[in-house]
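Let's have the full structure, built from the sequences with the hints guiding it.
Heads up: the sequence lines are chains A and B, in that order.
Each residue of the first sequence is one higher than the last, beginning at 1 in the working numbering.
Each residue of the second sequence is one higher than the last, beginning at 1001 in the working numbering.
I should point out that these hints are in silico values taken from the structure, not numbers from a laboratory.
Some hints could be false.
According to the in silico footprint, chain B covers these stretches of chain A (three or more CB under 8 Å from chain B) [said to hold, decoys possible]: (1) 17-23; (2) 81-93; (3) 243-254.
Built from N, CA and C at the ideal position, the CB exists for glycine as well.
Residue-level listing of the chains:
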Amino acid sequence: MSQFRGMLRIARVDLSYFFRTKWLLGTLIGLNVTDMFVVGIVYKGMMSINYFDFYAPGVIITGLFFASFDVGRRVHLGLTEGVSQYYLTLPVSLNEVVMAHLISAGLGGAIYAGILTGVAMAFIPQLATLSTLLLIPFMFILAMGLAGIAAVLNLFSKTGDRYWVFADGLQTALVSLSTIAYPLTIVSSYLPPALVTFVEYNPLSQGAEALRTVINGAPSSAVFNLPALLLTSLALLAVGVVSYRHVFTELRDAGKL
Amino acid sequence: MSSSSENSVQTFNLTKSYGEAKALDSLTLGVRRGEILVILGPNGSGKTTFLHLISTVLRPTSGTATVMGYDIVKQPLKVRESIGISFQDPRGFWRHKPYHILSFHASMYGLRGEERSKAVEDTLKDFELWQSRNKRFMELSGGQAKRLEVAKLFVHRPDVAVFDEPTAMVDLEGKRMIWDMIRQLREKGSTVIVATNEVREAEYLADRICIMKDGKELVMESLMTLKDSITGGDVVDLEMSAPVSEEILRAVRDVPGTVRALQGGERSLRTFVNRSEDWLPLMMTAMQGLGVRVSSIRVSEPSLDDVFLHYTGKEVVQSHA
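Have a look at this one:
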C-alpha cells in the first residue's frame, strides 16, 4: 500500500512539473485555442459541414496528445539531470516508477483536454453533457497510451537533439494522418488504402470521433467507437510499459542511457 | 548475515563492469553498524560505483551485497527502505523548490502531515536553506544545491546514509557545518559511508578509512593504524651541535628503523624513520658514541596525504623530499 502511494507521489511530482512549466503550458493553450477558433471559424464558411463543431474535438485531442507526450520530455530531463537515478533509490519498485510516469502522462493529457473542452463548451453546448464526463476515463487511458509512443522515443533517443527531432516528426505525422482536421470521407479520396486504414485506427482519430459522436447527440455511437479506442490505447500503453522498463533497466545496468 | 551481523553493509565479491572495463573489481568489505566509513580514492577508483551499487541505483555485474541484512539484488525494495544516498551532483528538477523537494522526499519515506512539515522545516533551517525554500532549484547557488542534496538524508534519517563528496562546491563554513551534521547523524544511530577525495574531510569524519584504487580496496583501517602502517612514515628533523659530516650521516643511516636520512643544512638532518618512539633512543646512543650533541629534535607524524599517496602508488618519502 505504501509503495502504491509512493508511485502516486512520483506521478504527482512528475505531473506538477508539467504544470509548473508555465511558458510551455501558456503557449500550448494559446496555440490550441487560437487554432480552434481561427481555423474552425474561417473554415466554417467554406465547408458544407459545421467545421467549428468538427474541428474543436480535433483540437481537444491534439491538446491531449501534446500534453501526454510531454512525459517524454520530462523523462528525458530526468535521465539527463539524474532525477531518474534518484527515483531508483526511493522505496518503490522499477515497475512503479514506470507506471508513475505513464499515470502522470494520462492525468496531464486528461486535465489538459478538460481545459480545452471547457473552452469549447462555451460555443458547443452539446459538449456539456453526461456523455462527455463519461468519456474522461477513456481519454485518460488514451493519454496513457499516447505516452507509450513518447516512451519508445525515449528508448531510441540518447541525445536531446534527436529526441526533439523524432518527437516533432512523429507528432506532425500522427496529427496529419488522422481525422483531426478532415473527415474520413475526404481523407480516403486522397490517400492510398493502407494509409486510410492507418488514419482510421490512429488513436487521435478515434479520440476525436468519440467527442464528435457526443456533439452529434448519438451516445450509442460513441460507445460503438470506444472498444477500438480502448484496445489501441491499451496496446500502446503496453508498449510504453515495456519501453520505460527497458529505459530504466538500462539505466541501472549501464549507469546512463 | 551470520558472520557479518555486526555489519550494516557487507559486500561479497561485488563487481561492476562496463564492457571490458571493471569499475569495481571483486570488492569484499564490511561496514560496521554505527560507524563512519570514509572511502578515499583518486578519480575513477570506483567510489561512486560502490555507493550506487549498494543504493540499488546500479545493478552489479557479479557478486552481491547486503544492506541491513537485505540483498541488493534479491531484495532491492527492502534495501531502499534502509538506505539513503546523497549524490555527488545535486538531483532535482529545475523548477521545483527546496521545500517541495524535501517534502516529497519525506513523504516517500512515510512522513505525513505535521511530522513531515516539521522535519522539512527543521532540516531546511539546519542547512541554512529556509530563506531559499521558495526559490526554484535552478536559482540556487552550487553550494545551496549541494546542501539541499545532503539535507535529503536528514529528513528521514536512514539506517545507512551514503554521501558522495558531500562538501564538493561548498564553502569552508558550509563544509564544517555539513561535517558536524554527518557526525550527529551517526550519533543518532545511522551508519554513514562517505566517499571523498578530500583528505581533510576524511580526517575529520572517519572512524575507519578505506582507500580504493582501480576498483579495488587497497586498505581499510582506522586513521592511526593507517599512519602507523606506512614505512618511513615519521619525519624527524635533527639539529646537531657540530657540522653534519659523512660519519654522522652514516651513523644515523645505520640506526635500525632509518629509512632515509638527508642533510638539511650545515648542522641539520632530516630523517624518515619507522616508529620514531623506538628510533629516537637508538639514534641518541649512536650520536653520544660519536661525541655529537643533538641540540634540537622535531618529530612530525605522517599526514593522511602521505598515507594516501603511499597506498595509491607514490612513496611517502618522495612527498616530503
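Coverage criterion applied to the stretch 17-23 of chain A (partner chain B; beta-carbon cut 8 Å; 3 residues):
holds (count 3)
Are there at least three residues in the stretch 81-93 of chain A whose beta carbon sits under 8 Å from a beta carbon of chain B?
With 11 residues in contact (Cβ-Cβ under 8 Å with chain B), the coverage given for the stretch 81-93 of chain A holds.
Do three or more residues from the stretch 243-254 of chain A put their C-beta atoms closer than 8 Å to C-beta atoms of chain B?
holds (count 3)
In summary, this structure violates none of the numbered hints.
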